[in-house]
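Enquirer: Heads up: the sequence lines are chains A and B, in that order.
In the numbering used here, each residue carries its 1-based index in the first sequence increased by 744.
In the numbering used here, each residue carries its 1-based index in the second sequence increased by 340.
Think of the hints as simulated: they come from the structure by calculation, not from any bench.
Watch out, some of these pointers could steer you wrong.
Partial pick of chain A residues on the chain B-facing surface, computed with a CB cut under 10 Å [as the list claims (entries may be wrong)]:
| id | residue |
| --- | --- |
| 1 | 762 |
| 2 | 766 |
| 3 | 768 |
| 4 | 790 |
| 5 | 840 |
| 6 | 847 |
| 7 | 858 |
Every residue, glycine too, gets a C-beta built ideally from N, C-alpha and C.
Letter by letter, the chains look like this.
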Amino acid sequence: AQSVTQLDSQVPVFEEAPVELRCNYSSSVSVYLFWYVQYPNQGLQLLLKYLSGSTLVKGINGFEAEFNKSQTSFHLRKPSVHISDTAEYFCAVSRGDYNTDKLIFGTGTRLQVFP
Amino acid sequence: KAGVTQTPRYLIKTRGQQVTLSCSPISGHRSVSWYQQTPGQGLQFLFEYFSETQRNKGNFPGRFSGRQFSNSRSEMNVSTLELGDSALYLCASWDRGTFEQFFGPGTRLTVL
Numbered sequence: 745a746q747s748v749t750q751l752d753s754q755v756p757v758f759e760e761a762p763v764e765l766r767c768n769y770s771s772s773v774s775v776y777l778f779w780y781v782q783y784p785n786q787g788l789q790l791l792l793k794y795l796s797g798s799t800l801v802k803g804i805n806g807f808e809a810e811f812n813k814s815q816t817s818f819h820l821r822k823p824s825v826h827i828s829d830t831a832e833y834f835c836a837v838s839r840g841d842y843n844t845d846k847l848i849f850g851t852g853t854r855l856q857v858f859p
Numbered sequence: 341k342a343g344v345t346q347t348p349r350y351l352i353k354t355r356g357q358q359v360t361l362s363c364s365p366i367s368g369h370r371s372v373s374w375y376q377q378t379p380g381q382g383l384q385f386l387f388e389y390f391s392e393t394q395r396n397k398g399n400f401p402g403r404f405s406g407r408q409f410s411n412s413r414s415e416m417n418v419s420t421l422e423l424g425d426s427a428l429y430l431c432a433s434w435d436r437g438t439f440e441q442f443f444g445p446g447t448r449l450t451v452l
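Please construct the entire structure, taking both the sequences and the accompanying hints into account.
Expert: Right, here's the structure in full:
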């Protein structure tokens, strides 16, 4: 079975500052890793994913994440945040094969960007 | 392509009633997953359907059920509603080529 831990429930940051949202996972098999963003009263939108290959993954809206197998981490970063990045961010893991069938989500990190 | 659509967007029911939620996946996607989102439990997997077959089910009581039709549209049903069933129910449509799940806007169910 897989599990995900998001270490920070809330991250306050000023506009144009860098941010890192932390995610650690646990699994006995290979995994696929994802970051999703949720704006108020909306569904989830995929920011980026890691399936295999390069451990540095670039996504939409200037976000990137690095897969670190030895640390079992998949932290999300952005060098300069905007007010519009204020949202809830979810890290998710799934079994890393073709028959993967569900996402296991972390508890979420609320990013609050202040002017 | 149109995104994932869910109907209705909002629903208010009373305890003991039953409810049916609908999800239309992205055209061409044959896998549909359902998730429940609550402030206390977060996002939890309910079940996944592929080609009209339930492939996996999460740890929810039998009051939660679902089905998928030949056009890949899916419904989930909750019978004998409890206050704790109040949640945002999200449907996701799988692209099995890229392993991405595309989420709908959700149905917010309130049980009074």
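Enquirer: Go through the numbered hints given earlier and state which of them the structure violates, listing their numbers in rising order.
Expert: Checked against the structure, the hints that fail are numbers 1, 2, 3 and 7, while the rest are satisfied.
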